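Protein chains in written order, with full-length UniProt numbering: chain A, 1 to 410; chain B, 1 to 410; chain C, 1 to 410; chain D, 1 to 410.
It should be emphasised that the hints constitute simulated quantities derived from the structure, not laboratory data.
Just so it is clear, the structure is predicted and the values come from calculations on it, not from any experiment.
Treat the hints with care, since some could be wrong.
Below, simulated DSS-like cross-link-like pairs (lysine-lysine); rule was C-alpha separation at most 27 Å, straight line [claimed, not checked]:
hint: 1; chain 1: A; residue 1: Lys343; chain 2: D; residue 2: Lys308
hint: 2; chain 1: C; residue 1: Lys316; chain 2: D; residue 2: Lys27
hint: 3; chain 1: C; residue 1: Lys316; chain 2: B; residue 2: Lys308
hint: 4; chain 1: C; residue 1: Lys112; chain 2: D; residue 2: Lys400
hint: 5; chain 1: B; residue 1: Lys308; chain 2: D; residue 2: Lys308
hint: 6; chain 1: A; residue 1: Lys316; chain 2: D; residue 2: Lys308
hint: 7; chain 1: A; residue 1: Lys112; chain 2: B; residue 2: Lys400
hint: 8; chain 1: C; residue 1: Lys112; chain 2: B; residue 2: Lys343
hint: 9; chain 1: C; residue 1: Lys140; chain 2: D; residue 2: Lys343
hint: 10; chain 1: D; residue 1: Lys4; chain 2: D; residue 2: Lys58
hint: 11; chain 1: D; residue 1: Lys57; chain 2: A; residue 2: Lys316
hint: 12; chain 1: A; residue 1: Lys316; chain 2: D; residue 2: Lys229
hint: 13; chain 1: C; residue 1: Lys316; chain 2: B; residue 2: Lys400
hint: 14; chain 1: B; residue 1: Lys229; chain 2: C; residue 2: Lys140
Derived list of chain A stretches under chain D, where covered just means 3 residues or more per stretch with a C-beta under 8 Å from a C-beta of chain D [as the list claims (entries may be wrong)]:
hint: 15; segment: 106-114
hint: 16; segment: 186-198
hint: 17; segment: 239-248
hint: 18; segment: 265-277
hint: 19; segment: 351-360
Cβ coordinates follow ideal geometry from the N, Cα and C atoms, glycine included.
Number of protein chains: 4
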Amino acid sequence: MSDKERVILAYSGGLDTSCILVWLIEKGYDVICYLANIGQNEDFSTAEAKALRLGAKKILIEDLRDSFLNDYVWPSIRGGLIYEDRYLLGTSLARPCIASGLVRAAIRENAKFISHGATGKGNDQVRFELACYSLHPTVKIIAPWRLPEFFERFVGRQALFEYAAAHDIPLPVTPKNPWSCDANLMHISYESGILENPDQEAPESLYQMTSSPERAPDDPTILEITFDKGNPVSLMNIQTKEVIKEQLPLFVSLNEIAGQHGIGRIDIVENRFLGLKSRGIYETPAGTVLYHAHLDLEALTMDREVRKIKQQLQQKMTDLVYCGFWFSPEFDFIRQCVDTSQKCVNGTVRVSLFKGQVRILGRRSQSSLYNQELVSMDTHGGYDPVDAGGFIRAHAVRLKEYYRVQTETE
Amino acid sequence: MSDKERVILAYSGGLDTSCILVWLIEKGYDVICYLANIGQNEDFSTAEAKALRLGAKKILIEDLRDSFLNDYVWPSIRGGLIYEDRYLLGTSLARPCIASGLVRAAIRENAKFISHGATGKGNDQVRFELACYSLHPTVKIIAPWRLPEFFERFVGRQALFEYAAAHDIPLPVTPKNPWSCDANLMHISYESGILENPDQEAPESLYQMTSSPERAPDDPTILEITFDKGNPVSLMNIQTKEVIKEQLPLFVSLNEIAGQHGIGRIDIVENRFLGLKSRGIYETPAGTVLYHAHLDLEALTMDREVRKIKQQLQQKMTDLVYCGFWFSPEFDFIRQCVDTSQKCVNGTVRVSLFKGQVRILGRRSQSSLYNQELVSMDTHGGYDPVDAGGFIRAHAVRLKEYYRVQTETE
Amino acid sequence: MSDKERVILAYSGGLDTSCILVWLIEKGYDVICYLANIGQNEDFSTAEAKALRLGAKKILIEDLRDSFLNDYVWPSIRGGLIYEDRYLLGTSLARPCIASGLVRAAIRENAKFISHGATGKGNDQVRFELACYSLHPTVKIIAPWRLPEFFERFVGRQALFEYAAAHDIPLPVTPKNPWSCDANLMHISYESGILENPDQEAPESLYQMTSSPERAPDDPTILEITFDKGNPVSLMNIQTKEVIKEQLPLFVSLNEIAGQHGIGRIDIVENRFLGLKSRGIYETPAGTVLYHAHLDLEALTMDREVRKIKQQLQQKMTDLVYCGFWFSPEFDFIRQCVDTSQKCVNGTVRVSLFKGQVRILGRRSQSSLYNQELVSMDTHGGYDPVDAGGFIRAHAVRLKEYYRVQTETE
Amino acid sequence: MSDKERVILAYSGGLDTSCILVWLIEKGYDVICYLANIGQNEDFSTAEAKALRLGAKKILIEDLRDSFLNDYVWPSIRGGLIYEDRYLLGTSLARPCIASGLVRAAIRENAKFISHGATGKGNDQVRFELACYSLHPTVKIIAPWRLPEFFERFVGRQALFEYAAAHDIPLPVTPKNPWSCDANLMHISYESGILENPDQEAPESLYQMTSSPERAPDDPTILEITFDKGNPVSLMNIQTKEVIKEQLPLFVSLNEIAGQHGIGRIDIVENRFLGLKSRGIYETPAGTVLYHAHLDLEALTMDREVRKIKQQLQQKMTDLVYCGFWFSPEFDFIRQCVDTSQKCVNGTVRVSLFKGQVRILGRRSQSSLYNQELVSMDTHGGYDPVDAGGFIRAHAVRLKEYYRVQTETE
């Protein structure tokens with residue numbers, strides 16, 4: 001290649017990163033496009049041809065789907081991660097996966113720069129860049145949407161269209177939806193545009209991974225999902241008896257079934273790392289089913305007090321993922337702790353998928369801490385009810401003292 | 001009355017507490033039955049007649065429904081309380097409400113004893129008794145199911161039936177379901193019997209407050225729920241324009257609508273305070289809708305960091321409610337803290353109820369912290385994207401240092 | 001005044017802010033100096049004369065000592081705030097106090113700008129500026145040490161000396177210590193220079209508020225400190241019987257006595273908000289005594305579980321103070337919670353001060369939850385030891401189950 | 001042996017357990033005494049002779065000092081465990097160590113029963129018994145001080161003296177102190193008797209491990225303590241250059257030196273697990289020094305965010321130790337987490353011991369995360385101060401929004 005400075009561009013094939021590609025070339029860089037396949041619906045060969053035609057020195061396309069599942073989605077399932085009680089982190093998990101690909105490319109291609117098309121208000125810039133800085137401390141980031149030279153030039157999308165027209169960058173054939181979206185194996189997120197009014201319902205036409213619950217099948221599908229150390233290892237359709245054990249087919253199939261039943265849609269106002277509240281619509285079909293099934297199995301197999309401690313850790317872990325600290329000392333630490341808690345999370349959960357809803361029907365496990373004999377009302381099984389009286393009265397000592405003093409001092 | 005020792009019995013009208021009533025009389029007590037109306041489906045006058053016929057000196061029937069909502073359910077909604085990620089605490093909230101009634105009765109009737117029919121393995125004995133001890137530190141509790149004299153005599157239900165027959169206690173006309181249940185305004189819980197096998201699905205016939213999602217209406221109902229300081233204050237049916245503002249009618253109506261749509265069923269394995277895992281089925285129609293709507297409104301109106309702190313508090317608050325510490329110094333404290341956080345939780349949430357699922361469609365508030373102009377991608381609105389670069393790089397300083405040292409020491 | 005832009009400068013009278021004053025004038029601003037008296041040892045009239053001679057339009061000197069104690073130090077005592085287990089936050093508490101003065105001045109003087117001399121790596125810039133932005137969202141900050149134009153011009157102190165010489169700014173008469181320090185009523189902090197080697201002991205000559213423990217009096221001083229709702233309200237010297245009740249004299253006197261006894265020195269490596277570790281030496285005589293006395297009184301008067309919850313809150317509150325979030329929604333919230341916990345913290349603690357150490361000798365309170373009769377080994381006092389057996393065995397149910405399952409599955 | 005039921009008695013050689021020994025024999029048990037050497041000052045051969053003379057079938061004396069240090073004290077040092085901000089858990093750590101010895105003895109000797117002399121109000125009964133139940137779920141516990149037959153017979157110490165006289169049990173030659181105490185390698189605790197008045201200062205004559213600070217040497221001793229993965233591995237006296245690396249001699253020597261300097265005394269009111277507040281005096285010389293040194297080294301070597309997470313864990317871990325849950329699923333879990341955090345805690349801390357106080361003088365480590373160049377005021381070292389401005393302004397976005405809304409809605 002030439003002696004120009006080399007930059008790895010996180011390239012999506014869309015209008016924004018195509019314009020950034022051309023703009024970086026204009027600025028004098030040799031640009032190598034990097035496009036990770038993390039399960040988004042994308043015509044990779046068209047994207048490749050387009051990048052090269054626009055002047056990219058090279059385009060690297062990597063299939064990271066297995067790594068995305070194994071190294072990012074599964075840890076999240078094990079952790080039970082859910083941001084602000086509702087969001088399953090589909091985009092947050094994808095960013096460090098892509099960033100690690102960008103860094104590998106930068107090192108291999110001897111590029112000093114990494115560039116991306118994330119905006120200057122969002123979380124993704126943080127997630128990309130913190131991951132890059134951790135994995136490659138000397139890398140330099142070019143974030144055009146934070147450069148006045150760029151964002152003052154491209155105010156509004158019309159300016160982008162004009163730039164595209166002037167530089168022979170193909171415009172999307174279909175009119176752009178009045179919102180933006182981001183897709184991967186785990187989910188699709190939608191935000192901005194008409195969605196910016198948080199009181200305005202999202203149109204049904206928006207959803208791509210899930211059917212409308214109203215139009216979903218009138219009969220539930222019953223599945224059995226088996227976990228080993230907290231990881232999904234088997235999916236059985238109770239009706240068809242079909243069993244899938246390989247992780248990628250398992251997840252893809254679960255996405256399809258859960259999607260047909262309209263499962264995994266949420267509409268939330270969330271707090272971004274930069275302090276803004278934003279409104280997002282997400283659909284996460286397989287992830288939603290796995291979240292519920294894993295939660296149920298933990299309840300069966302994990303000691304109460306261990307789970308309380310893990311619950312504190314998982315909230316912290318969730319915030320770290322959301323805010324882009326996947327590669328950080330605290331995440332390394334907390335992930336080890338959480339994984340330690342998962343040794344016992346083995347067993348099978350039976351779920352029903354129907355009209356947008358996951359319902360738990362039953363569960364079983366070799367590591368179950370549930371003891372039917374002990375809990376049964378009709379048998380005592382080594383448990384002496386008399387002890388409960390002492391337990392209660394001992395707990396009451398402190399309470400009685402407190403209320404005695406309260407009454408006296410009032 | 002006589003000079004016998006007097007006991008207030010938490011009386012339900014069912015077989016167990018009827019037998020306990022007779023047994024206490026046998027043991028030489030004067031028994032005053034106490035029956036709280038907290039919204040359970042009960043024929044109170046039949047229960048009254050039965051108690052008196054069996055020898056109760058008196059029966060006190062109190063309508064606590066308004067107090068139950070205002071003093072127990074609403075604080076739980078404000079707190080966003082949910083035990084082990086799934087259980088909305090319907091029974092846990094009812095117990096201190098009833099206990100406060102028992103204590104008022106004991107003080108008024110000058111009774112030294114309070115008795116109840118809760119079992120020796122469950123949570124309810126703890127909830128009843130801790131509340132009684134806090135509110136009335138010198139009270140004595142008679143818990144027959146923990147007395148060997150009682151529980152050794154009544155091993156298995158057959159012994160109860162025989163005792164009932166021998167003492168002219170009417171047996172239930174319908175055969176008992178192969179599980180036990182407990183109902184109030186907020187929910188019905190089901191456990192034991194055939195439900196003790198956690199892998200066995202609960203039969204559809206079990207549910208009393210909710211339709212099967214499969215048989216629920218094929219069209220959603222759209223509601224708008226308005227909150228003031230975290231309390232539900234208005235319910236509007238978007239289709240019929242009907243508005244309800246009084247708390248009891250509001251809650252009853254929401255129970256009915258949500259119940260028709262099959263909302264609020266869960267099937268879980270939970271951890272009891274006494275350390276056993278048990279399996280429970282719950283249906284909480286209105287509570288489920290309010291939980292989701294309140295959560296959504298908090299996201300719109302509460303600062304991110306305030307909400308994180310409140311989230312820690314609400315987990316502790318949840319455990320306190322579940323374990324029976326409603327009347328305790330720590331609960332007093334934490335409730336004041338949580339209520340402080342609710343000043344801003346004002347506004348309206350629009351929800352769809354359909355086939356077992358609550359979906360959030362939109363939300364609005366005068367106290368909203370969401371700023372559409374600020375978050376919009378197209379406008380900067382006082383926000384300089386350049387600052388985000390500094391934000392990210394400053395956060396990266398620590399990470400770079402850590403990985404630098406890691407690399408050097410490896 | 002003129003029609004130039006007006007800036008409020010946080011002025012200390014020292015070399016750095018004198019140079020900044022002149023530089024701001026050079027840049028075309030009208031500069032109003034603001035100097036808060038928060039108990040630092042300073043010749044305010046000399047500082048005033050100097051500022052005016054150097055060209056300040058005005059200098060505002062405010063005595064904030066009472067506000068500093070009442071609104072910042074006392075809340076910290078009530079909260080039991082201690083950063084990373086050791087640092088009592090003396091500087092962190094002063095910054096929002098000064099910032100509120102700067103903002104009041106800016107509003108009164110109709111100045112759009114606030115400027116300060118804090119460095120670009122430290123915590124103080126954050127504390128000043130976040131407080132200013134919260135209290136006056138439209139204010140603009142000029143932080144010269146973050147402006148390349150400034151910091152590239154003044155690399156190393158020699159450049160400052162030359163600038164001072166050239167602009168008739170008086171140089172300090174005594175050679176500067178090879179470290180920097182910051183003083184207020186509560187503490188003096190020392191850092192940088194020779195202290196940057198964390199293995200190098202701080203020289204004895206550094207300390208200004210405290211005697212060396214080695215040279216402290218050979219006899220202890222015994223004090224009784226009385227708190228009301230967590231606030232220190234009375235200080236009695238047991239030997240002299242002198243009593244002080246006014247907050248400023250109380251604190252000043254306690255500083256003096258504790259300082260004589262060498263109390264309150266720490267030498268730590270701490271984590272700054274910006275992610276750097278730095279080494280600091282602090283001396284906090286009165287604050288150290290009050291921290292220990294308050295902690296002791298809380299143990300006597302506060303319920304165990306309330307204190308556990310408060311302990312979580314105080315750690316968060318500490319981080320917020322350290323990181324500059326004094327004026328923030330989360331700090332408002334957490335302070336209300338913490339203050340709620342202090343209603344019962346009333347009573348008197350007797351302490352001995354000797355050779356660098358505070359020792360607790362005894363304590364008493366009307367709100368004490370300690371019940372001597374109950375705890376006495378020789379009396380049962382309404383406590384039945386038999387209950388403890390039930391308490392223990394009930395707690396053991398879960399443990400036995402766990403180890404039973406562990407053994408079976410191994 | 002005979003066919004009587006066999007009991008392992010936790011025997012101390014003192015009056016109480018001697019009486020219990022004789023009483024158990026009276027009750028028809030074969031008694032095997034178990035006496036663990038955990039560093040208490042005890043004449044083991046006299047105790048042995050006495051037990052056998054009183055009728056014990058056997059006495060087992062085990063030297064557990066190394067296990068106590070390695071398996072209990074070191075984990076506590078690594079964890080930084082400190083109960084209610086002050087108590088270093090000396091007794092709490094010893095109980096599970098002894099209990100594991102009792103269980104080993106019970107299994108080896110085929111005894112179904114374990115007995116101990118702990119009172120019915122204290123923590124030790126819980127610690128002993130929970131540990132026994134976890135390690136040996138079928139064991140039966142005999143706790144005479146909780147048996148009405150026993151405690152009603154021995155009300156007050158006079159009854160014990162009479163029983164001793166009647167059964168040829170030797171009375172202590174010295175008059176008993178008006179308090180009780182418990183000693184091991186780590187500490188001595190004192191409570192009850194005259195100490196039950198929390199406002200009454202403990203007499204100087206009480207202390208056995210530490211000199212009075214007033215009479216301690218007038219010159220400090222300077223030590224360097226080296227840690228490896230959080231464990232103390234070397235102790236060097238800077239003045240004498242003596243180095244000790246074996247754990248038992250290291251700890252014993254540190255106890256001696258710190259004891260001479262009067263280090264490690266505390267006087268506190270604490271919250272027992274059973275809900276009572278009690279007053280205790282503790283002296284923990286070596287433990288106090290190690291606590292402070294370890295804390296200081298963590299600050300140098302551990303990432304800020306990792307430490308925050310560890311801090312949450314250590315508070316929970318502390319409560320578990322205090323309340324007797326050493327052998328529990330949650331303690332197993334949390335200990336693994338905490339140990340994971342200690343990989344980097346390597347290095348040396350220099351401390352001064354003087355007149356009751358430990359002072360940190362300096363510290364160094366190969367795993368230090370402190371970067372002198374980065375933090376130095378005079379160099380920028382890869383850190384751009386301009387970034388701090390963006391960092392601050394980005395943090396301020398949320399605050400400005402909040403206060404803007406506050407102002408508007410007021």
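The hints, checked one at a time:
no.	hint	result
1	A/Lys343 with D/Lys308	holds (25 Å)
2	C/Lys316 with D/Lys27	violated (56 Å)
3	C/Lys316 with B/Lys308	holds (11 Å)
4	C/Lys112 with D/Lys400	holds (16 Å)
5	B/Lys308 with D/Lys308	holds (16 Å)
6	A/Lys316 with D/Lys308	holds (11 Å)
7	A/Lys112 with B/Lys400	holds (16 Å)
8	C/Lys112 with B/Lys343	violated (33 Å)
9	C/Lys140 with D/Lys343	violated (45 Å)
10	D/Lys4 with D/Lys58	holds (14 Å)
11	D/Lys57 with A/Lys316	violated (56 Å)
12	A/Lys316 with D/Lys229	holds (24 Å)
13	C/Lys316 with B/Lys400	holds (26 Å)
14	B/Lys229 with C/Lys140	violated (35 Å)
15	106-114	violated (count 0)
16	186-198	violated (count 0)
17	239-248	violated (count 0)
18	265-277	holds (count 3)
19	351-360	violated (count 0)
In the structure shown, a violation is registered for the earlier hints numbered 2, 8, 9, 11, 14, 15, 16, 17 and 19, in ascending order.
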